[in-house]
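Colleague: Each chain, written out:
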Amino acid sequence: MKKHMFIFLGALIAFSFILPYTTFAADSYKVGALFAVTGRASFLGDPEKKTAVMVAELINKAGGINGKKLELIIYDTEGDATKTMLFFKKLVNQDKVCAVIGPSLSGTSLAIVDEAKKLKTPLVSCAASYKIVYDAKTKKQRKWVFKTPQTDTMAVEAIYSYLKKRGINKIAIMSVTSGYGKSGHGELVRLAPKYGMDIIADEKYGPKDQDMTVQLTKIKGNPPQAIVNWSIGPTQVVVLRNWKALGMTSIPFYQSHGFGSRKNIKLAAGAAEGVLSPLGGCVVATALPASTQKDVTMKYNKDYQAKYNEPISTFGGHAWDALYLVANALKAAGCDKEGIRNELEKTQNFVGQHGVFNFSPDNHIGLTWQDAFYMTVVKGDDFTLAD
Amino acid sequence: MEKITFATQLLQYLITGLTIGSIYAMVALGFIIIYNVTEIINFAQGEFVVLGGLVMVVFHVSAGLPLVIAFPATVVLVMLVGILLDRLAIRPIRKPSVLTLIIATIAASILMKGVAMVIWGKDPFDLQAFSGRDPISFFGAIIQPQYLWVIGFLILITISLSIFFNSTIIGKAMRACADNPDAASLVGIDTKKMILLSFALSAAIGAIAGIIVTPISLMEYDRGVSLAIKGFGAAILGGLGSFPGAILGGLIMGTIESFGAGLISSAYKDAFALIVLLAVLFFKPSGLLGSVEISKMKRF
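Line by line, the protein sequences are chains A and P. The C-terminal position of the first sequence is numbered 469 in the working numbering, with every residue numbered one higher than the one before it. The C-terminal position of the second sequence is numbered 1627 in the working numbering, with every residue numbered one higher than the one before it.
The set of hints was computed from the structure by calculation and includes no laboratory data. Since the model is a prediction, treat every value here as computed from it, not as a measurement. The beta-carbon is built from N, C-alpha and C at its ideal position, and this holds for glycine as well. Possibly wrong hints are sitting among the right ones.
[Said to hold, decoys possible] Output of the computed footprint for chain A on chain P, the stretches with three or more beta carbons under 8 angstroms from beta carbons of chain A:
{"id": "1", "region": "1341-1352"}
{"id": "2", "region": "1508-1517"}
{"id": "3", "region": "1537-1544"}
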């Protein structure tokens, strides 16, 4: 029985690779997209997918790329590394895409970076970790992999340099014990000496905790000059309510770049007033000074709102950046994978949703914290630029 | 902001710990009620809490019903879900063993979580605090008004349950089923109805817990598992099967977590409660208020 199963599975896999794919359309450029549309990371994948679909429509409406249509092939990874791998192979081997954007998560991106190299296919990831583009073994950028989101490192540097400017050096940090919080916590601790930050309290809480009063009470016993909190999900709102209830609003509260959704301000029910966070351009588009950055982000905000009748999230912007970067490379190189890769690496002064991208052989992230983040402060029910 | 004293900090830890502990205690009570009548651990108990919070959001926030109407309506609706759980997942199982029934509740919890995700999506939801969010100062410590509601409801539930189980015929019949289902059915107690009632009652308590905790912690579709684990731990700590044990277990779990996080390290908050749980089970395997004789008679 088991043997038959193996033969059957083997045949199935073999067929899926051998079968000649007849749906090849010569008048279109195919781009693959891997997003965690459902599953635990759907808050990333859902806006990313919607954004990518919208961007492809916009490009095609404007005449496509070099007269050819942009055909987007999207698979839902469900945030699962194995599925991501299977779909990535399918995109390259069966669908014959020119390049792939996504996946949404650092874990799923890392799962396929080696395969991208093996299959010689350009990959523009929408996930945060710098390890996606940086090969620790060779100490070089991975040849075929790029990414659009800001890294934790950049967010920490943005916060620390702002604190330094304000003369603050005694801080308390709080973080959630999920992957996001742990990664941010690592960077907060690592970069503290560089900016002269003295971490006098280091508190943690679980991603499903009901209340963080205890952690804040502990901090209150030895008050710092500022609190830096690293979490996503409901805890980043609950912690603000506790902060306010405990009467700690005289200690400035800094959130990570994961705070960038107006839903959070609403959920905090008034407790978010005065909270600071470093956010990408597209989230604070209305508050930006007149610039190309403002035009680009305002247009995205308007288009997205009109099409889906919901506000953009910071994550959709990463897909916007990834797909336009690929589209620009396609325009210059056509569907030549090596060519697309070279064009991506040559990209300079590309104004995206999250800053100005400048790639080079030594830099596949393309952003620096100075132009990828705006320090914002919550006023009323919106984010405004902090001075 | 003035610096607070160590004594005030301790008081704050105690208050917060008791509040969170009250929630654990309510989840633990839900476990115990079903366990006592059926000997199964209902792993969908956490989902009742989630449903309580989310259904309340629909009634109170979306539909705009006043609190006094939305609250009982939510409890009744979640009770119906509990009844359906018994009728659709528990009773139809042929040749039930305790283990198959427990697996059925796990399946039900996954299904309920999935349905909740489809209906409400993945974003957390908020409810207005019942009597505002202006904190009350108590010897320097801060009490959120909602904390008092949580503790108050635990007291209310405790009193109601003790009256129900000690002074009403139905309550006594349920206890009879718990002690000896065969003998209970011989004297004419409809054990099936009692099981149904136990699910309804557990669901109701879960719903109340969900409604009152949402203004503090928000509520989203996948919070059930973590609540169920904490509540289950509390039920074991107090002695599986004992009502006072469940309440005591919950309050102890919450308080230990709170003091552990405040005085030692917040990174190992969950570990402290588990260490105490293990230590108690090591010295008294039946739990704080459980009895070895009774636990020997149980199949699970």
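Colleague: So, for every hint listed, does it hold in this structure?
Modeller: Quick rundown of the hints versus the structure:
1. Given as covered by chain A, the region 1341-1352 of chain P passes the check, having 5 residues with a CB less than 8 angstroms from a CB of that chain where 3 are the minimum.
2. Counting residues of the region 1508-1517 of chain P whose beta carbon lies closer than 8 angstroms to any beta carbon of chain A gives 0, which falls below the threshold of three, so the coverage claim is violated.
3. Note: the region 1537-1544 of chain P has 3 residues with beta-carbon separation from chain A under 8 angstroms; the three-residue rule is met and the coverage holds.
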